[in-house]
Amino acid sequence: MKRTLEMTRVNANWGEFYKKDISEKLPFFTKEGRLYDCLFAQQFNRRLLTHLFKTADALRDITQNKEGMDYAGGLLSHIRAMLYFVQPSTRTFLSFLNACHILGIRTSEIRDTSTSSEVKGESPEDTVRTFSSYVDMIIMRHPTPGFVEKTAWLMNRTDRPVPIINGGSGKDQHPTQALLDTYTLYRSFNGDMDNKKIVMVGDLKRGRTVRSLTYLMRNFKNISLVFVSPEQFRMEPDILEFLKRHNMPFMETADFMSVMGEADAIYMTRIQDEHDNAGESKKVDYSPFHFKAEHLKLIKKTCVIMHPLPRRHEIEVTVDEDPRAVFWRQERNGMWARAALMAYIFDVDKKIKY
Amino acid sequence: MKRTLEMTRVNANWGEFYKKDISEKLPFFTKEGRLYDCLFAQQFNRRLLTHLFKTADALRDITQNKEGMDYAGGLLSHIRAMLYFVQPSTRTFLSFLNACHILGIRTSEIRDTSTSSEVKGESPEDTVRTFSSYVDMIIMRHPTPGFVEKTAWLMNRTDRPVPIINGGSGKDQHPTQALLDTYTLYRSFNGDMDNKKIVMVGDLKRGRTVRSLTYLMRNFKNISLVFVSPEQFRMEPDILEFLKRHNMPFMETADFMSVMGEADAIYMTRIQDEHDNAGESKKVDYSPFHFKAEHLKLIKKTCVIMHPLPRRHEIEVTVDEDPRAVFWRQERNGMWARAALMAYIFDVDKKIKY
Amino acid sequence: MKRTLEMTRVNANWGEFYKKDISEKLPFFTKEGRLYDCLFAQQFNRRLLTHLFKTADALRDITQNKEGMDYAGGLLSHIRAMLYFVQPSTRTFLSFLNACHILGIRTSEIRDTSTSSEVKGESPEDTVRTFSSYVDMIIMRHPTPGFVEKTAWLMNRTDRPVPIINGGSGKDQHPTQALLDTYTLYRSFNGDMDNKKIVMVGDLKRGRTVRSLTYLMRNFKNISLVFVSPEQFRMEPDILEFLKRHNMPFMETADFMSVMGEADAIYMTRIQDEHDNAGESKKVDYSPFHFKAEHLKLIKKTCVIMHPLPRRHEIEVTVDEDPRAVFWRQERNGMWARAALMAYIFDVDKKIKY
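Chains as they are written, first to last, in the numbering used here: chain A, 1 to 354; chain B, 1 to 354; chain C, 1 to 354.
FYI, nobody ran anything at the bench for these hints, they're computed from the structure.
Identical copies go unnamed one by one, so any copy, or any two together, can satisfy a pair.
Dumping the calculated DSS-like pairs for lysine-lysine here, alpha-carbon to alpha-carbon at most 25 Å:
id	residue 1	residue 2
1	66	351
2	120	171
3	150	171
4	171	244
5	31	66
The following block holds chain A by itself, in its conformation from the complex:
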């Protein structure tokens, strides 16, 4: 389980470690060539993604009946997990919890830090180490960027590390959301991921999901991205730089209707007004970035409409009944993709044959 002593020594200072490029950090979160801590969307390459998606598909097949469900429920019945959700997120929480249930993992929940020993003056590092004492894995959501990563870093330096899965770390990373989004594309495109045009719509500046999804798109061939947003909420320059560096074509526009007809997938997002500093959101007319029932006739027959949910008014409710609206399925895909990921981390994916 332990990293080499060498590696531990080199990475002994958190401040220095944190500043490194992700590619340099990855070995520290890997074990015997297998992802150990799941922290960054960048940890998923095409081969791993495909394997996880096929595993998720196979798991769904197997569990169509009681016998198969009981088989799945025995795969990780020896594992105990902690869901440590400092930041509220019912959706991600339930998705992970039920993924655990599918695999038979026994779960403990911390959802309210006021019940925690933190009130007694304990350091966050001690608190997390305490939690890890009782379990074999921590699924963690935390508002502070870097905190989940630091937890994994700390754990890997103890004599009893446990895998850490990032369930969302501030504006930072939410790798399993990117995983489920890509899995939804994979299922919608029948596994044919190359040569697609993905249109992302809304508050791209402050949305974490569109950032992570963009990173993952690099794993596929000839993907072109269209960013549709109000002027104030355009995609951040670092992402555009990333695309240029990898020769991935993209365009930016504020005119949703002009591009929706070409899309293979439309990824809608809500306005992230919880990140407002001075009421920016209210100054924006967001309605041009809504998907309305009348748009259904303008998009391809094969185009899928996605949304990370929760939604407000970005997608009209009557759209839900169109078969191209896949956002409800997208939610369920999250549960299955997460189950596949955990099966992989604990090396029982081989018991889910595809």
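Fit chains B and C to the supplied structure of chain A, relying on the hints for placement.
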């Protein structure tokens, strides 16, 4: 799983559907001749009640030892349930949760809406649909009358419905409370439900349990009801109308002592002062509607004393030791009756032979 | 399950019962010669302690692999437990919860009394009796001294008692903490518990763990105790009396460094400022009661450093990496010791052979 397209189309408007008579709605909540969503006390007829009670009895018998408990724990080990309790209710919650545990159902809990995505501006309908994504059944308690029913109605119109069980919907309905009350009568009367006199005592105007229980009593022969209450809290006219319509004899009185001697069961209730508009409760002398130790010698040897609990002072604590005080057993009956109900809904009742 | 009628009658008055000496009370919490309710550290004698420690060790051995873990998970799969934690304590809660998971016990949690029916005016006794209705055991933490004991007393007088385990009752008792502390000594000393010098450091006046641990030390031979504390927070006279009565040598000092070299175990504690009446803690210089990295070279090679956690600054973080720092293992020992205790109470300890 799906209702016929025809049925769905006819019932496409919630506002119109909601106003219909319960008897007209029932088919929409039924599947292959079997209750699918459990929403109203009126869904239980004598035949179903008897079947559920015998199933509950058999389940208790089977689970007397570890082998039988493990057998029961395998019956629904492939099912995941969501306990969505927006309104606090420890008792009903624990009863359902442990009923799930008995059958091996894996559970997720939402007990505090502040952790929910509702804070992000999601509609309640979207929230519920999200919850349903991860599970096979929702057990729901909600303060708004009609909301649980609407959830079931919505779910049945999607391509992935799950059964909804009403764990209490405002002043509206609490069908499994009525189920457990009737089950308690069934056990107390050794299965002989006909020709009984039931005395209901207390705040009958605002008590949900006495209303539901009255509805269920129609399923049995020659039941006479006595309503004992302060003038201000008499049973509501709609219930009295219901009794007249079905030729069920009843009387109303404020004189508890004059009627207790004839009772086969006395159903005590507490004053529902949480529903006060202007301190009505404080203006009433509730003590004549208490059951005191000195009353034990006035009631029949076979009369049982029930209470939906929690109690305040309606029943003196020393009464608890009398074998006719069955309210603690009544609580436990709830767990078993709910387990029987869930076994029935998921069609494994046939594996619990009686 | 029931106590003899005789015993129940004699102990019919709680107020009188509570005042009795613990030795007189023990039979009431014992069943067929076996501890039934776990309420006081004084319930553990050397023979039982040794049995529980060997059982805990064996359970750890067995569960090294999936097959063994699944075996353990079947031992109490027929048991349902309630974790009733009115007082927040993440650590103790998680430790018990995961101990339950190891044995397959299905759990219900009450961690927030605001969701409880207490709001409806129910008595605490009724609330607890309700909880007991649905489960086979209650693990209880409560801020009021005596409340956990009273619950056990009440339950034992009903026709359906369930074992009560004390997870901490105010300043009163925390028997499983004493159990895990002693288990940690047992493991650190390779089972050789006699002839040891134990140094306890810090706020001994208000620390519950040092009191309970002292009680348990009486079970071993030739133990000498050293109490290191600020003048204001010296160990209470009743404990010193207890030691004199049992001819156990002890000394008191404020000079930590002068005694650390002789210690076989150093038990560090934090200042209990939550019990301050008028800011007493701030008037004390606590730094002489800290264990610093520089002290490592002053203590025996075999000396272990313990702490009940959470810590503040009593132990410098760099000390954690020294193999003599066993406090993180101490936490994990708690989970296993509690699992052994529950296995014993439910009479499946014989299935965990050592």
